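Asker: Each chain, letter by letter, is given below.
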Amino acid sequence: MRITIIGYGMAGARLADNLHGSGAAITVIGAEKHPAYNRILLSNVVAGSMTPDDVLLHSPDWAQDNGIDLRLGVAAAEILVAEHRVLLTDGSTVDYDALVLATGSSPWVPPTDGLQVDGALAPGVVAFRDLDDCQQIVGMAKDFGPVAVLGGGLLGLEAARGLAGRGCPVTVVHPVGHLMERQLDSAGGHVLARVLGTKGIDFRLGRFATKYLPDKGLQLDDGSIVPAGTVVVSAGARPSTALAEAAGLAVDRGVIIDDCLRTSAPDVYAIGDCATHPGTVGGLVQPAWEQAAVLAKRLAGEDARYTGTQVVTRLKTRDVDLASMGEVHVETQDLDAEVVRLEDPSRGRYTKIVLRDDRVTGAIVLGAPDVAAAVTQLHDRGTPAPADRMALLLGRAMPAGEAVDPATLPASTLICRCNTVDKGRLVGAWHAGARSFDSLVSTTMAGTGCGGCRDSVCALSRWLAEQDPLTEPEKLGCNAT
Amino acid sequence: MPVDARVEVDTHCPYCALQCGMVVRDERAETTVAPREFPTSRGGLCQKGWTAASLLRAPDRLTTPLLRESRDAPLRPVGWAEALDYVALRLHELRDRLGPDAVGVFGGGGLTNEKAYLLGKFARVALGTSKIDYNGRFCMSSAAAAGIKAFGVDRGLPFPVSDLADADAILLVGANVAETMPPFMRHVRPAADRGGLIVVDPRRTATAEAAAVHLQPAPGTDLALALGMLHAAVADGLLDHRYIAERTTGFDEVWRIAAAWWPERVERITGVPAADQRAAVALLAKARNAYVLTARGTEQHATGVATVSAWINLCLALGLCGRPGSGFGCLTGQGNGQGGREHGQKADQLPGYRKIDDPAARAHVAGVWGVSADELPGPGPSAYELLDSLGTADGPKALLVFGSNIVVSAPRAGHIAERLESLELLVTSDFVLSETAAVADVVFPVTQWAEEDGTMTNLEGRILLRGKAVTPPIGVRTDLDVLHGLATRLGQPAHRFPTDAEMVFDELGRASAGGPADYAGISYDRLRDGEALHWPVPAADHPGTPRLFLDGFAHPGGLARFQAVDHTGPAEPTDTEFPLHATTGRVLQHYQSGAQTRRVPALMEASPEAFVEVHPDTARRFGVHDGQWAAVESRRGAVQARVRCVTTIRPDTVFLPFHFPGAQRANLLTNPALDPTSRMPEFKVCAVRLGAA
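Going down the list, the protein sequences come from chains U and D. Under the working numbering, residues 1 to 481 are what the first sequence spells out, in order. Under the working numbering, residues 1001 to 1693 are what the second sequence spells out, in order.
These are calculated hints, taken from the structure and not from any lab test. Because the structure is a prediction, the values reported are computed rather than measured. Hints are supplied without guarantee of correctness; some may be wrong.
Listed below are the simulated EDC-like cross-link pairs for lysine to aspartate or glutamate, each with C-alpha atoms no more than 20 Å apart in a straight line [as the list claims (entries may be wrong)]:
| id | chain 1 | residue 1 | chain 2 | residue 2 |
| --- | --- | --- | --- | --- |
| 1 | U | 423 | D | 1502 |
| 2 | D | 1397 | D | 1374 |
| 3 | D | 1468 | D | 1481 |
| 4 | U | 199 | D | 1236 |
| 5 | D | 1286 | U | 319 |
| 6 | D | 1468 | D | 1506 |
According to the in silico footprint, chain D covers these stretches of chain U (three or more CB under 8 Å from chain D) [unchecked claim]:
| id | stretch |
| --- | --- |
| 7 | 47-60 |
| 8 | 414-421 |
In silico negatives: residues of chain U with every beta carbon more than 10 Å from chain D [unchecked claim]:
| id | residue |
| --- | --- |
| 9 | 34 |
| 10 | 67 |
| 11 | 376 |
| 12 | 387 |
| 13 | 449 |
Positions of the beta carbon are idealized from the N, C-alpha and C atoms, including for glycine.
All chains should be modelled from the sequences, with the hints used to inform the complete structure.
Answerer: So, in structure tokens, the structure goes:
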């Protein structure tokens, strides 16, 4: 079986890996010159914590080692559906038994005056999409000049955080009134802006850039000017569907696929950002990888289905922990859902959990990493949420129990785990004559295992001594710990 | 009583691999124990140790061999000669009828080095069978295999345990030392006091309570966690690039895999917050000295070797292994779990940690044994495969069991009990009628612990002498006597199977000479003099090797090898029918199958029965109540256990201790999916459901 994959990005590379050992003859067509790389990690390259080499998904020898026909730096020009043939930009052709479109998406550039010149980005303007873009951004950031980021979505904020971390003054221009409006409600978006504000990022929210002024910056719709030597465009992406449309495939926003990852053309499949499936959203790697896994099984003859992905969005920066999932725009006054919420903007915390029938159906968790992890698991698995909603909301911030007072401990409280000695036995031993720390230890063995309870035994013996007229304080010997 | 009427012997505790220092006092009225200063235990003893003397006077102690000609008949007391004659005759007959592989042998990690060695020799020489393995396969095998892959040699701790006190950070993975080897906490506490203790465990155990960072992954997801932490180390600039370049190979392949496991993705698989993954790895990387230590929680999986390899990868990436003050180690469990895996009771092994398929090793050992190398059988099946094949067309028809209680401790225990029933002959050597002895055809009553001489190799590879401290009951003999008695009846010359432990040890030394675990330079005299000897000790004037790898790793070229491993998850995921993970483990009061500790009244009073830890939300969901008996059921069987509602466990997981017999055997549940390399069964995670009993 000859399988051709158009696109050597996150989806295409993953599918090729998943097909390993299937015996199929695999051709991969990649328009960029690099081996496939991990797009998720590009913000690390911008931040300077990883090199371009670090984010490569495959070594340069990968194709050779795995017997894969990899065509780098060449793109597919046309699909001849009836002939089961692909024409490439270098004039060559590839015949297939199964064709997989994994062409991804391309950045959307807003129609701001001056951003594009003759169909290309103007000097000083760079999109944030591929590895070359990142290297360009890093090059521009070397002089620590001011940067404007167009777009306050997930990628824009990761880029902004990376650049601010490098020491560049950064301003994010976002046309909506709060950040990440798809994943955050207004209150959450504002807490996030406040947190990022402390990391050296300025925001212009609810403002459009009307004009790009080279070397000066961006003019906004209120007439103000955001100074910037560099403009990073991260205003969203559009599925790359030109090839599919030209071949007559059904395309909505992306190439329409069913649960078997089939397009409208026979033996043509699509996965990842170029595809549209009712069960998921674009722009994230998880659906692409799950689709690749299902398709690899189907191409190997197994009956697997892709029914959708429960998406969790995580902002991947080291010092801001944000998770968003499911329905986040339900308000507390909604009578059909249960909504619990905690706002602590001064400390950068915002947690909102939406539940229906005891299950988490949506959540925003900012600044509470342990809560994010717990809520995500509940959301992913559909298990009932803990009855104690406050504990869920607070996580580790839940107040701990009161300090232990030897006087009020129940007699059955285990003091020494290693030797199964409870308070009652220590008290009994004391009254039977063991009226010092050492003799409490030697009669009960408490403190002779790991030694961790010796402070507790000490505290208990002091308490016993205080109320026992037979005590000889100089013999208590409690400094022995 | 005058002081001179007392007999006091310095020895070590009969239980775990920490081998705490102990004094046994044998007085006319009673035998008692007390702790003594020793580097591993620093004067500590847990309740098991303190009560160990009562084992010596267990009321149901066996003092005469037991035998039955048919399974329907009860075991009846017989004389030693009759029992040995009977077993030898049956073994003879089986071998004549079906060949040498018709007889299997099963050993244990609690046996002394001398017994483990002689048992392997007995199987290969007297029986000629390849079918020998031991319960260490269920214990240390994954860590051992991973250690050999990475470092070229496996010694649990390649440094003295006392080195840990100088660490700023310690990562304990799947290790609940506060309950399994309590005095070990004395070595961990300095790091804990410095805020550097990190514990990975699906439960907030007593050990996790002492930690600055507790990572609580879903069972069976440790490998993903290790990959996430490695990813964080790269992303946060914490790699030791120079160390990786100079002392290791294979990092690039490992990174290609870890690059796909960013902490937020790992969080969704494991439930461990991404921020905690980063915090944990930063603690390790920024510490002056740091250690990563694994134990059964992360090792007893069908992906156990890969999982341990992933932790070693992290440790290598941070530059911790093979330099003073830092390192990687695994915490050996059974008393002689280290020595027991070195001297030939393992299916693929000859003494000195040699491979049985290595012609040079065969020639050397055959030379010491005075046999031809061609006569030695090749590698046999691993423990579970051996037990699973018992009584089948190709499997052994007889099994000899030494130092193991497999009816309780084997995975999928109900099935293994059936396999034992299908045998023509089951022989055990035991000091009480354990659950396995109870179903045997012949039981040899043997000495234990303080009643005999022998050496143990503790968790740090130090060889310890456990001298005889008390006189055994009349009628009881040693395992060495049993092997001698059987071997001579099977036609072996008497001198080939000595009954004197010191003689056996000297022979073991010669057999191990030149192997990785080289004991050639160790003698009882050196041990009696109190020398601290960590193997290898190749010559009588060699001081031993407390720290391995300081000058290089044991692979040719001296480099450590990263292992390219990826996460796959538990062999049996949860589903709607079996919606919870079950994990198994230990309680402080019991050891292994409980055959010893369930006979100690003080321990039974503190921990009398099986329980199942359940999160209160989970208990509500499945309609069980604290204190009530519940049924925990997997595809392989059902267990009765009393419900303990605790908030310290993940809501998707239940925990059961595996020390209890009969219907309370946690191993009725466990999944015998095996690791492809170590053949370790997946004890630590399977899918179950929960309901009222």
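Asker: State for each hint whether it applies.
Answerer: Hints, verified against the model:
no. : hint               : verdict
1   : U:423 with D:1502  : violated (47 Å)
2   : D:1397 with D:1374 : violated (25 Å)
3   : D:1468 with D:1481 : holds (15 Å)
4   : U:199 with D:1236  : holds (17 Å)
5   : D:1286 with U:319  : holds (18 Å)
6   : D:1468 with D:1506 : holds (18 Å)
7   : 47-60              : holds (count 8)
8   : 414-421            : holds (count 4)
9   : 34                 : holds (14 Å)
10  : 67                 : holds (18 Å)
11  : 376                : violated (6 Å)
12  : 387                : violated (6 Å)
13  : 449                : violated (4 Å)
Hints 1, 2, 11, 12 and 13 from the list above are not met by this structure, while the remaining hints are.
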